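Protein chains: 2
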Amino acid sequence: MEILQRKIIKEGKVLSNHVLKVDMFLNHQMDSKLMKQIGEEFAAQFNNQGITKVLTIESSGIRPGLMTALELGVPMIFARKRKSLTLTDGLITSTVYSFTKKESNEVTISKDFIGEGARVLIIDGFLARGQAALGLIDITKQAGAVPVGVGIVIEKSFQEGRNLVLETGVQLESLARISSLEDGKVQFVN
Amino acid sequence: MEILQRKIIKEGKVLSNHVLKVDMFLNHQMDSKLMKQIGEEFAAQFNNQGITKVLTIESSGIRPGLMTALELGVPMIFARKRKSLTLTDGLITSTVYSFTKKESNEVTISKDFIGEGARVLIIDGFLARGQAALGLIDITKQAGAVPVGVGIVIEKSFQEGRNLVLETGVQLESLARISSLEDGKVQFVN
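Those protein sequence lines, which keep their order, are chains V and W.
Add 351 to the 1-based position in the first sequence for our numbering, that's all there is to it.
Add 351 to the 1-based position in the second sequence for our numbering, that's all there is to it.
Next up, chain V with everything else stripped away, as it sits in the complex (with noise of 0.2 Å):
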């Protein structure tokens, strides 16, 4: 996605080899212009694949994936990262380790909300380890429902994420697929 990439060139802000900080337009503060191309974009990627559902995690999935659900017509759910005090019952839940806050998180969803044969499009601001979209695949299909994709606002090439979910049989669409952020530059998979 051209405009997404000039964004990350033009705002983005590289830590390390390992970090990208997108604060200034989506991670903190939002381009709520650019998070509606972003819904267009994986609803087009998509289309015509019967989905029925958006599920996402809190909390950077959530801004993309309520754009992706709002253009495809659809609910949105968002899995939470630890228990809400009102979710108390009937929930489905995966593990999922957090390479970055070095802390597994428990990742709940209610079963009230994916029923048996939902059409599930999974969406998440960024894939690295692949860990929290592993979880997310592993909770749809807790649901009895199919996972038909992945949407990845940001993915890191260079980890391991990518091939995790390819593994699963899951189609992955990701925006915006950095190969490097050596030298402290971004660099795109051509």
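Any given hint could turn out to be false.
Below are the DSS-like pairs computed for lysine-lysine, each with C-alpha atoms no more than 25 Å apart in a straight line [unchecked claim]: (1) K361(W) - K372(W); (2) K453(V) - K452(W); (3) K536(V) - K452(V); (4) K384(V) - K387(W); (5) K384(W) - K387(V); (6) K361(W) - K462(V); (7) K364(V) - K384(V); (8) K358(V) - K384(V); (9) K387(V) - K358(V); (10) K462(W) - K384(V); (11) K462(W) - K361(V); (12) K387(W) - K361(W); (13) K452(W) - K432(V); (14) K364(V) - K432(W); (15) K452(W) - K462(V); (16) K387(V) - K364(V); (17) K432(W) - K452(V); (18) K432(W) - K372(W); (19) K364(W) - K384(W); (20) K432(V) - K453(V); (21) K452(V) - K462(W); (22) K432(W) - K432(V); (23) K358(V) - K536(V); (24) K372(V) - K452(V); (25) K364(V) - K462(W); (26) K364(W) - K432(V); (27) K372(V) - K361(V); (28) K358(W) - K462(V); (29) K453(W) - K432(V).
Keep in mind the hints are simulated off the structure, nothing from the lab.
Quick caveat, the model's predicted, so the values are computed rather than measured.
Starting from the structure of chain V, add chain W where the hints point.
For chain W alone, kept in the frame of chain V given last:
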């Protein structure tokens, strides 16, 4: 907002005299079309007030905040409840006590994103005891910006948040104002 009230009556679950669960359409699963209408409604209510930025707080404020920012054509920024690993300096912080979770959170934004003189619309999903809204007003003022208004999706009008916000002199607009949850029944302020 008529359509929101109908949705609350139809799909909300009263768990106690103080707790309304709206996981079906607002707080876990999202009715994406309703969320767009909520954004349009806030944009209409604060139109012509020269809003330059929408400020909200993770996580329930992010969806309505994003849709409002999109309608107003301005960026959105969300305050974080704990410090991010890549957000280390230049923070504006306010301490917010959550009566629901019985804990204090440091609520932070980066100084870079709300400049002096910015005209800020604060959006949140819920208003009950008012602590989050007061924290966001405080952050806005610390940034040298103007808190033009507070927009709330669901207000529990029987708790003190409304008065606490009004005492600050900031305009408050709530789309659904609940006067009582007693006897398992949702009543709205006329």
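- Task: Kindly indicate which numbered hints from before are broken by the structure, ordering the numbers from low to high.
- Result: none
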